[in-house]
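**Q** So the protein sequences, as listed, match chains A and B. Just so we're aligned: the first sequence equals residues 1 to 120 in the working numbering. Just so we're aligned: the second sequence equals residues 1 to 353 in the working numbering.
FYI, nobody ran anything at the bench for these hints, they're computed from the structure. Even glycine gets a Cβ: it sits at the ideal position worked out from N, Cα and C. Careful: at least some of the hints might be erroneous.
As the list claims (entries may be wrong) - Chain B is nowhere near these chain A residues, computed Cβ spacing over 12 Å in every case:
| hint | residue |
| --- | --- |
| 1 | 22 |
| 2 | 27 |
| 3 | 54 |
Stated by the list, open to error - To be clear about the criterion: a stretch of chain B counts as covered by chain A if any three or more of its residues have a C-beta under 8 Å from a C-beta of chain A, and this derived list gives those stretches:
| hint | region |
| --- | --- |
| 4 | 44-57 |
| 5 | 80-88 |
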Amino acid sequence: MPRLLMGACVTRAAGMTENTDSIRPDAVLDAVGLYCPVPIIRTSERLKRLEAGAILEILSDDRVILIDMPAWCRSTGNEYLGSRQEGSEYHLFVRKISGAAAADGQGTGDRHTRGTGEKR
Amino acid sequence: MNVDSAGRPAKIKAIGLLSGGLDSTLAAKVLLEQGIEVVGIHYSTGFCMNDHRRAMARPEEDPRRMRNEGLRAGADLGIPIEVLDAGEAYLRMVLNPKHGYGKRANPCIDCRIFMIHGAAEYMREHGGHFVFTGEVLGQRPMSQHMQALNLVEKECGIAGLLLRPLSARHLPPTLPEERGWVDREKLLGISGRSRKEQMAWSERWGISDYPQPSGGCCYLADENFARRFHDKRLHSKVEEIRREEMILLKVGRHFRLSPAVKIIVARDEGENNFLARFVAGGWRFEALECGSPITLVEGEPDEDLKRLIASITARYSDRRGEPLVEVAARRDDREERLLVPPVADQTLDAYRL
Chain A
1 MPRLLMGACV TRAAGMTENT DSIRPDAVLD AVGLYCPVPI IRTSERLKRL EAGAILEILS
61 DDRVILIDMP AWCRSTGNEY LGSRQEGSEY HLFVRKISGA AAADGQGTGD RHTRGTGEKR
Chain B
1 MNVDSAGRPA KIKAIGLLSG GLDSTLAAKV LLEQGIEVVG IHYSTGFCMN DHRRAMARPE
61 EDPRRMRNEG LRAGADLGIP IEVLDAGEAY LRMVLNPKHG YGKRANPCID CRIFMIHGAA
121 EYMREHGGHF VFTGEVLGQR PMSQHMQALN LVEKECGIAG LLLRPLSARH LPPTLPEERG
181 WVDREKLLGI SGRSRKEQMA WSERWGISDY PQPSGGCCYL ADENFARRFH DKRLHSKVEE
241 IRREEMILLK VGRHFRLSPA VKIIVARDEG ENNFLARFVA GGWRFEALEC GSPITLVEGE
301 PDEDLKRLIA SITARYSDRR GEPLVEVAAR RDDREERLLV PPVADQTLDA YRL
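Using the sequences and the accompanying hints, generate a full structural model.
**A** Shown next, in the form of C-alpha cells:
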C-alpha cells in the first residue's frame with residue numbers, strides 16, 4: 001500500500017532534487033551499474049509483482065534515468081513521485097497505478113530474455 | 001471481442017515498432033489520428049550508440065542528449081511502450097544472419113524480421129489486430145525496397161497483417177485496410193530517401209522533439225565497429241562469442257597481433273575505468289609511474305608478443321617520449337615487468353583494427 005506521508009513535498013519534474021524523504025517504499029529495486037534500458041525493464045518487471053498503489057524505490061547511478069523514468073511513467077500511466085540523490089546514486093519513486101499499461105502485462109517487459117544484467 | 005453495428009471490432013489495437021525516430025513516431029501518429037489504440041515496442045539490442053554513450057558519459061555532458069528516444073516518444077504520443085531486451089537471441093542472429101550483412105556488419109533484413117516477429121508474438125500474447133512499422137519504401141538500400149518489405153512480411157508469419165502507414169499508398173492493401181479497421185485514404189504515400197514529407201507531416205501534427213533523421217545510431221552500421229566485428233568473427237568460434245565481447249568492440253583502440261591474440265588499449269580515464277571491469281582471468285598491461293592506458297589482452301601472448309604489447313602500452317602512456325618505459329603485465333595475482341621502448345607508429349599501423 002502507498003505510504004506517502006502527509007505534508008510531504010514531492011515534485012515530479014525530471015532532473016530536480018525533490019523532497020522524497022517522507023516516502024516509504026513498499027519495495028526496493030537495486031539497478032546500480034546496469035546498462036540503459038535494463039533499469040526500466042527491471043522496474044516494469046518488479047512493478048508487475050506489486051499491488052496497485054504500492055510504491056517502488058529504484059536505485060540507479062545512471063543520471064539519465066531522471067529523464068527516462070518520468071517519460072516511461074507518463075507512457076505507461078504509472079505515477080512518478082520524484083527522486084533524490086545520495087552520493088553518486090539516485091533514488092527514484094514510482095507508484096503503481098491500477099490499470100496502468102505495465103500493470104496489465106503491457107508496458108515494459110522481457111521478450112527474449114530477462115534483463116541482461118550487464119554491469120557498467 | 002466487442003464489435004460495432006458493421007461487425008468490426010469496436011476498438012482496433014495496433015502493435016508497432018517504436019525506436020523514437022521520426023518515421024516510427026509518425027507511423028504511430030498516423031494510426032492514432034484514426035482513433036486506433038497503439039502500443040509501442042522498443043527494442044534494446046545492445047548495439048545502440050546512444051546507450052553506450054550514456055554508459056561512458058562524463059558528468060558535464062547534458063543528460064537530455066542521452067535520453068531514451070523510444071520512452072520519450074511514447075510519453076509524447078501518450079501510448080504505452082514495451083521495452084524488450086533482444087538478448088542472446090538477437091546476438092545469435094547478428095553473428096549468423098540468414099540474409100547476410102549490408103555494407104558494414106548490419107544484418108538489416110534479419111533485424112527487421114527479428115523485431116517484427118517479436119511484435120507479432122507480443123500481439124498474440126496480449127491482444128491486437130495488426131502490426132505496424134515506420135518503414136518507408138525505398139528509404140534504405142538493404143531492407144526497405146519492395147522485395148525486402150515483402151520478404152520480411154512473409155518470414156514474420158503475419159502475412160497481410162503488417163502495415164506500413166507511411167508508405168501504405170504505394171503498397172498493396174493489407175487486411176486491416178480491406179477489413180475497414182484502417183482507413184487507407186488516411187494513410188500516407190511517402191517513398192524514397194528524402195525526409196521532407198515526414199518533416200512536413202511532423203510540423204502539421206506538432207511533433208518537433210525527435211532525434212535528427214538519418215543520424216545513425218546502430219553500431220552494426222558503423223565502419224570502425226564493423227571492422228572489429230568481422231575480425232572477431234574471423235578469429236573466434238562464432239557460436240562461442242559472448243555479449244561481453246561485443247561490448248568491448250565499442251571501447252578503445254583495437255590491435256590484432258596474431259590470429260590468437262588481440263589487444264584493446266583504453267583511450268582515456270573513462271575507458272580505463274570501463275575496461276577495468278573486464279580484466280578478470282586475462283592479461284592486462286600498464287606503464288608504471290605515469291598516466292597509462294589499461295591494455296586488455298584477448299588470448300595467450302608468448303614472450304615476444306608480451307614485449308610488443310608492453311611497447312604499445314608505453315606508446316600511449318605519458319612516458320611515450322622516453323627511450324625505455326617500464327610496463328607491468330598482470331594476470332590475477334601474477335605480475336611481470338618489462339622494460340621496452342615505445343613502439344613506432346608505422347609499426348603500430350600494421351596491427352590496427
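**Q** Hint by hint, note whether the structure agrees.
**A** Hints, one by one, checked against the model:
| no. | hint | verdict |
| --- | --- | --- |
| 1 | 22 | holds, 26 Å |
| 2 | 27 | holds, 20 Å |
| 3 | 54 | holds, 19 Å |
| 4 | 44-57 | holds (count 6) |
| 5 | 80-88 | holds (count 9) |
The earlier numbered hints are all upheld by this structure, with none contradicted.
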